[in-house]
Amino acid sequence: MSGQLDDAGKLKHLLTLEGMPRSVLEALLKRADALATHAHGGNGMRGVLHGKAVCTLFFEASTRTRCSFSLAAQRLGADLLNFDASTASTTKGETDVDTLKTLEAMGVHGFIVRHKMDGAVAALARAALPGTVLINAGDGRSNHPTQGLLDMLTLQQAKGPDFSAMKVLIVGDVKHSRVARSDLHALHALRTGEVRVCGPASLLPGGDTLRGCMVGDDLDAMLDGVDAVMMLRLQRERMVEGLITSLEDYHRDFGLTKARLQHAAPDAIVMHPGPMNRGIEITDDVADGPQSRVLQQVANGVAVRMAVLETLLG
Amino acid sequence: MSGQLDDAGKLKHLLTLEGMPRSVLEALLKRADALATHAHGGNGMRGVLHGKAVCTLFFEASTRTRCSFSLAAQRLGADLLNFDASTASTTKGETDVDTLKTLEAMGVHGFIVRHKMDGAVAALARAALPGTVLINAGDGRSNHPTQGLLDMLTLQQAKGPDFSAMKVLIVGDVKHSRVARSDLHALHALRTGEVRVCGPASLLPGGDTLRGCMVGDDLDAMLDGVDAVMMLRLQRERMVEGLITSLEDYHRDFGLTKARLQHAAPDAIVMHPGPMNRGIEITDDVADGPQSRVLQQVANGVAVRMAVLETLLG
Amino acid sequence: MSGQLDDAGKLKHLLTLEGMPRSVLEALLKRADALATHAHGGNGMRGVLHGKAVCTLFFEASTRTRCSFSLAAQRLGADLLNFDASTASTTKGETDVDTLKTLEAMGVHGFIVRHKMDGAVAALARAALPGTVLINAGDGRSNHPTQGLLDMLTLQQAKGPDFSAMKVLIVGDVKHSRVARSDLHALHALRTGEVRVCGPASLLPGGDTLRGCMVGDDLDAMLDGVDAVMMLRLQRERMVEGLITSLEDYHRDFGLTKARLQHAAPDAIVMHPGPMNRGIEITDDVADGPQSRVLQQVANGVAVRMAVLETLLG
Numbered sequence: 083m084s085g086q087l088d089d090a091g092k093l094k095h096l097l098t099l100e101g102m103p104r105s106v107l108e109a110l111l112k113r114a115d116a117l118a119t120h121a122h123g124g125n126g127m128r129g130v131l132h133g134k135a136v137c138t139l140f141f142e143a144s145t146r147t148r149c150s151f152s153l154a155a156q157r158l159g160a161d162l163l164n165f166d167a168s169t170a171s172t173t174k175g176e177t178d179v180d181t182l183k184t185l186e187a188m189g190v191h192g193f194i195v196r197h198k199m200d201g202a203v204a205a206l207a208r209a210a211l212p213g214t215v216l217i218n219a220g221d222g223r224s225n226h227p228t229q230g231l232l233d234m235l236t237l238q239q240a241k242g243p244d245f246s247a248m249k250v251l252i253v254g255d256v257k258h259s260r261v262a263r264s265d266l267h268a269l270h271a272l273r274t275g276e277v278r279v280c281g282p283a284s285l286l287p288g289g290d291t292l293r294g295c296m297v298g299d300d301l302d303a304m305l306d307g308v309d310a311v312m313m314l315r316l317q318r319e320r321m322v323e324g325l326i327t328s329l330e331d332y333h334r335d336f337g338l339t340k341a342r343l344q345h346a347a348p349d350a351i352v353m354h355p356g357p358m359n360r361g362i363e364i365t366d367d368v369a370d371g372p373q374s375r376v377l378q379q380v381a382n383g384v385a386v387r388m389a390v391l392e393t394l395l396g
Numbered sequence: 083m084s085g086q087l088d089d090a091g092k093l094k095h096l097l098t099l100e101g102m103p104r105s106v107l108e109a110l111l112k113r114a115d116a117l118a119t120h121a122h123g124g125n126g127m128r129g130v131l132h133g134k135a136v137c138t139l140f141f142e143a144s145t146r147t148r149c150s151f152s153l154a155a156q157r158l159g160a161d162l163l164n165f166d167a168s169t170a171s172t173t174k175g176e177t178d179v180d181t182l183k184t185l186e187a188m189g190v191h192g193f194i195v196r197h198k199m200d201g202a203v204a205a206l207a208r209a210a211l212p213g214t215v216l217i218n219a220g221d222g223r224s225n226h227p228t229q230g231l232l233d234m235l236t237l238q239q240a241k242g243p244d245f246s247a248m249k250v251l252i253v254g255d256v257k258h259s260r261v262a263r264s265d266l267h268a269l270h271a272l273r274t275g276e277v278r279v280c281g282p283a284s285l286l287p288g289g290d291t292l293r294g295c296m297v298g299d300d301l302d303a304m305l306d307g308v309d310a311v312m313m314l315r316l317q318r319e320r321m322v323e324g325l326i327t328s329l330e331d332y333h334r335d336f337g338l339t340k341a342r343l344q345h346a347a348p349d350a351i352v353m354h355p356g357p358m359n360r361g362i363e364i365t366d367d368v369a370d371g372p373q374s375r376v377l378q379q380v381a382n383g384v385a386v387r388m389a390v391l392e393t394l395l396g
Numbered sequence: 083m084s085g086q087l088d089d090a091g092k093l094k095h096l097l098t099l100e101g102m103p104r105s106v107l108e109a110l111l112k113r114a115d116a117l118a119t120h121a122h123g124g125n126g127m128r129g130v131l132h133g134k135a136v137c138t139l140f141f142e143a144s145t146r147t148r149c150s151f152s153l154a155a156q157r158l159g160a161d162l163l164n165f166d167a168s169t170a171s172t173t174k175g176e177t178d179v180d181t182l183k184t185l186e187a188m189g190v191h192g193f194i195v196r197h198k199m200d201g202a203v204a205a206l207a208r209a210a211l212p213g214t215v216l217i218n219a220g221d222g223r224s225n226h227p228t229q230g231l232l233d234m235l236t237l238q239q240a241k242g243p244d245f246s247a248m249k250v251l252i253v254g255d256v257k258h259s260r261v262a263r264s265d266l267h268a269l270h271a272l273r274t275g276e277v278r279v280c281g282p283a284s285l286l287p288g289g290d291t292l293r294g295c296m297v298g299d300d301l302d303a304m305l306d307g308v309d310a311v312m313m314l315r316l317q318r319e320r321m322v323e324g325l326i327t328s329l330e331d332y333h334r335d336f337g338l339t340k341a342r343l344q345h346a347a348p349d350a351i352v353m354h355p356g357p358m359n360r361g362i363e364i365t366d367d368v369a370d371g372p373q374s375r376v377l378q379q380v381a382n383g384v385a386v387r388m389a390v391l392e393t394l395l396g
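Residue numbers (the working numbering), protein chains in the order written: chain H, 83 to 396; chain F, 83 to 396; chain A, 83 to 396.
Rather than coming from a laboratory, the hints here were simulated on the basis of the structure. No residue lacks a Cβ here, since even glycine has one placed at the ideal position from N, Cα and C. Please note that a few of the clues may not be correct.
[To be verified] Partner residues aside, some chain H positions facing chain A, computed with beta carbon under 8 Å:
no., residue
1, H132
2, L163
3, A187
4, A247
[To be verified] Selected chain F positions facing chain A (Cβ under 8 Å, derived; list incomplete):
no., residue
5, M358
6, L377
7, A381
8, V384
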């Protein structure tokens, strides 16, 4: 399958949430939840990765995700190396695998990898030595498993552990979103009661991606009674590509406003993976309003990444 | 006012030296002076910020200042994050405040912020959570408070603690200099005996900036009997902008040479915030001569930043 | 001479392997060999550089070398500063010496310097304070001493400590290679039995560089019976410069293939400093074959750099 589980069913890499056994997923969430209260400054975890070297190997730039992993690794006491592969010897024609094997030979134990290409992180995991750990920090449109985990943790903290009672709506450019895919993988694994997806047809994926989801393009209708709304970032290049007519039209049809949010359950929470395009997919009063969990998602991100690093490398 | 003092008059951010109570300023200088002797290698301070996360958040690049703060933070045992906001998600349209709030949610306790725009750091401080600390590492033309502090420390180490007995001359492009403004704020707060400013009219600021200063454009005359000369860096773009006629003319009129320095008091010290344009605002024999305190300023910079971090976050 | 030895013959900088006393070189290799088994995760060495600040000062980018030194410095417990001088205040017209002196004044004890220009690191060493340590991480075409050391360590681990019994062949663009020069310095200092050099005439250096070497352009003949082959990276710009006719021709004449390797001794090892141009100077089956020591070289690099840092700064 994905190659992230060993023969005993134990996680050896984190590549995808697709097909992840529910027990593995729940164990990560449980540990992350416990760490969430300690994430911001506790020193008791400094020994967990002491003497282990962790490298952020980013073939595509992402400062936020790199920072979140860096803080998580530092709190666990790891040695930390930042390898910005978009400006490094990879531009000298070195293959990605040679870059990985070189850092591995230097004694790096864990790699946090971001890549533009779908499947690139899994391919690197196949090339790694036994004992080397790869964590997918986003590949192509396919996976962003730690984002999926932090979103589930945020849902669970707000709504309790029973996902079967939840109605969750994802809104926006699902087609190009690795965040959405990892969220869908996790929501299905946790047997969420109802998963809805809303966006313009041009930004919804074909194939199996939306299997089991209620799909539509009428945001007011889709919001009806949901417990959580997960807004996706709209990449501005979608307009250049002709996939949306204008930012104004997109905002009118798929932007979450305070008025619109009233269609959801009264205690519905609003999520966004960031960075937000304020005024496009989300308005200020929603982003900064009482139902927003955007900053809690960020905080949970560090806890989730600590849990993942500890589980895989500790 | 500036919002950097709490109701009890205690410093909660360091945004500006303008209007800073003399007692607060002197306490920082006293602590920095004590640390100056330990700054280069002592390990006794590692516990001060242990478990605290500090982020250099630079919306404008500055390697020297970032390095100085990084060393200070490491010596105090902080976790350190470098966020180069000129190449990060801010370019994806994220607001500066969202960038700050995101890092804050990750558990960053202290931010060292450099920004091109006047007032930008104070604006971020207003958006921060209670308990979050902002340190201005330079904003626009307005403030560079740690540079002001390190300059005062350097003056004091050379001339003793009584500023009322000192004559200090600032030379150059005061108009565009945040260093000069922070120096002026501090010199006034410490009630310096005589503050002189010399430069071409095109590079001197209007308004209140030079209030209380003796101002002139005859460098030889202005140097007469001063105890310290603070040279400013001349940005080469001032020529392109037509504010100076040529680098040669500028050097002839406002460059500090060994011959010219003889107009100052025999034991006068020479300062420069760096990086120096050798041969333009300062000649080699002055920059490297016995009266130069340029490298001592750099050393004091680490001590001052340790004192500031300790005071605000310790 | 090089200025890297003090009056008592003790190493105070590492600038070059040229003229390095054999005893000094062997002591470094011995220590690196001992560390090689501990390089990947041991924590016993954290105290060696505790409280010492080490700065990678790279006037020319090199991610691999910077990472290797960074890991070595972290394992010894040093504070670490990365100063990317290709994007920093050096572009504001600051001299290299002022950059060094500034960082020195901040309390940096050791500098790991990479520079485009021959002799630039030695020049900086002459400007440094007594007690400051400079380590050459590659200057121009002249020196890359830690690469030379790690190559010697790799040879010794495979072939035993007696270099007089070894036949070693260097293949490729020796003319532009600092790696080749440092290897030649070390091989001579260790009195290697036979040193051969093979490459197109346009890529072989004149002068004394190849003194004492057997030189030729027939790779099959030069491979005959050698114990080790050190392949050099071919910079693609050599074609643009007209120094080689085409990559295809170069590969045909000077590329190491599995068939060709059979001319060497049956237990010959293959080395490459990386990053490799697979399919040009080396084929996949050789790079990844049982005789390849490419990844062991990388691993030895960390051990050698720990030994150098410990010897000079510990």
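So, going through the hints one by one against the coordinates:
1. H132: holds, 6 Å
2. L163: holds, 6 Å
3. A187: Holds. Min distance 4 Å.
4. A247: Since the shortest Cβ distance to chain A is 46 Å, the answer is violated.
5. M358: Interface hint status for F:M358: holds (6 Å vs cutoff 8 Å).
6. L377: holds, 4 Å
7. A381: Holds, about 5 Å.
8. V384: holds, 5 Å
Violated hint: 4 only; the structure is consistent with all others.
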